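*Asks:* Okay, so the sequence shown: first residue is 73 according to the numbering used here, each after it adds one.
Treat the hints with care, as some may be off.
Said to hold, decoys possible - Straight line, CA to CA, 20 angstroms or less: simulated PhoX-like cross-link-like pairs of lysine-lysine:
id	residue 1	residue 2
1	K493	K342
2	K426	K342
3	K203	K445
4	K342	K204
5	K405	K493
Stated by the list, open to error - The following label-pair restraints were derived from C-beta to C-beta distances:
id	residue 1	residue 2	range
6	N394	Q491	39 to 47 angstroms
7	N220	E168	46 to 54 angstroms
8	E295	Y371	50 to 58 angstroms
9	L275	Q474	15 to 23 angstroms
10	R177	D470	19 to 27 angstroms
11	L221	E422	21 to 29 angstroms
Because the hints were derived from the structure by calculation, they are not lab data. All values derive from a computational prediction rather than experimental measurement. Glycine included, every Cβ here is placed at the ideal spot set by N, Cα and C.
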Amino acid sequence: MKLTPSLISFNVTIVVLLITLPLLFTGCWDRREIQFLNVVTGLGFDQIMVGDQPKIRLSILTQQPASLEETKGAGGAGGSSGKAGILGAGRVISFEGETISDALRQSGLRTSRQLFMSHTQVIIIGEELAKKGIAPVVDFATRHKDINLRTLVMVCEGTAFETLQSQPEIEGLTTSEIKGISKFLHRSSMAASANLFNVLYDLMTPGREPAVSYLRTITPLEESSPIKQPDNNTQNRANSVTEGRSEEGGVPPQHKTPVIEGSAIFSGNKMVGLLDPEESQGFLLITNQAGSGVIPVAYAATQKDTSYLFRNVKTQVNPVINYNGITFVVNLKGQGDFRESDTVIELNEENIRKLEELINQEVEYRCLKAVTKIQAIGADALGFGDILYRLNPKVWKDIKDQWDEIFPTVRVQVQADFQIKHTGLVEDIITIN
């Protein structure tokens, strides 16, 4: 029988189908069904004393799969309505061990479901552990196959165990609330933001030091807040225990909510100081990380009565080396909007120039305030050493071993050039009769 070209083509098609069709029916050899998992959304690390021995406490915020009855209702993740009921509410579990991995293995003695860390949003480090060193945390997190390098890293006041137990005001989970707040930090530029990759890079790069967000927990004063003030019975119970409560008046963490307030500065892998929101803004402006933010100035009064919203900031840092030593010249250029004034300002060209001068003075003040604080701390979170290495590697090679002693003594000059491009929807002054 003679094979025609069409018959050969048909036979080839059949063979290809027979080879590829079985691939469509293969299963997933390493599948992990969600109903058998504890989905981890946040990790907390603290150093505690058990007897006279220091140990690591690993706290995890898990979002457990909802039960079959829950999925039939309208409730969704975290108890919010209108979402598919795949995941239920979260809870905090903690484990202790000699090392982080040892503490993690202790989870098998308490939880019946495998921990699934691919959804980890935030790594929170207690302040005491941060001051002793975060190297074990960074080493563990970067080696773990399920923890993403884009996971946020933060330091908290008190313990991470308590911070994870605080309650969100808007989102379904505390970690979702913290991540949401961090996502919009660029709108105020009043706190540093860093993920695991940023921290690892800063730790491994000579002439750089890490800076991360600093978390606190507060008790909301608003009656409309979903986080209620503790009653007397709750307060008494909180005062009778030492574990799981905040230092602030003995208020349990379940009656508090997380806020980001400033930045934590490191020297090597140890936390050595804090920047307040105003200092953090100056720090972010110098390091070219500022998105937008408000600069209040005093135009016609002793107190600040006028607001300027900056954006589109570009920063250039140049080291100048001469017989006087090393000087870093920081040039800032930005544009923004005239946003608010408590005094009557006629927005003519002369007054706009005067406003710009006041704005530039305030920007320079905030930047120099941050420089003074960081130099007093003695940690080059500004990355000046890295800039010197890139622009003048020969000088850096000679002084890199003494940079920790040299950095606090270098001079810094800040030159700001911010312009008012818009005055809002109202161009004329508003006069009240």
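*Asks:* Determine for every hint whether it applies to the structure shown.
*Replies:* Hint check results:
1. K493 x K342: violated, 42 angstroms
2. K426 x K342: Not OK: K426 and K342 at ~44 angstroms, beyond 20 angstroms, violated.
3. K203 x K445: holds, 18 angstroms
4. K342 x K204: With a Cα-Cα distance of about 6 angstroms, the restraint between K342 and K204 holds, given a limit of 20 angstroms.
5. K405 x K493: The hint holds at about 13 angstroms.
6. N394 x Q491: 39 to 47 angstroms: violated, 31 angstroms
7. N220 x E168: 46 to 54 angstroms: Because 26 angstroms falls outside the window, the suggested range is violated.
8. E295 x Y371: 50 to 58 angstroms: Hint violated: Cβ distance 36 angstroms, outside 50 to 58 angstroms.
9. L275 x Q474: 15 to 23 angstroms: holds, 20 angstroms
10. R177 x D470: 19 to 27 angstroms: violated, 48 angstroms
11. L221 x E422: 21 to 29 angstroms: violated, 52 angstroms
Hint compliance for this structure: hints 1, 2, 6, 7, 8, 10, 11 are not met, and every other hint is.
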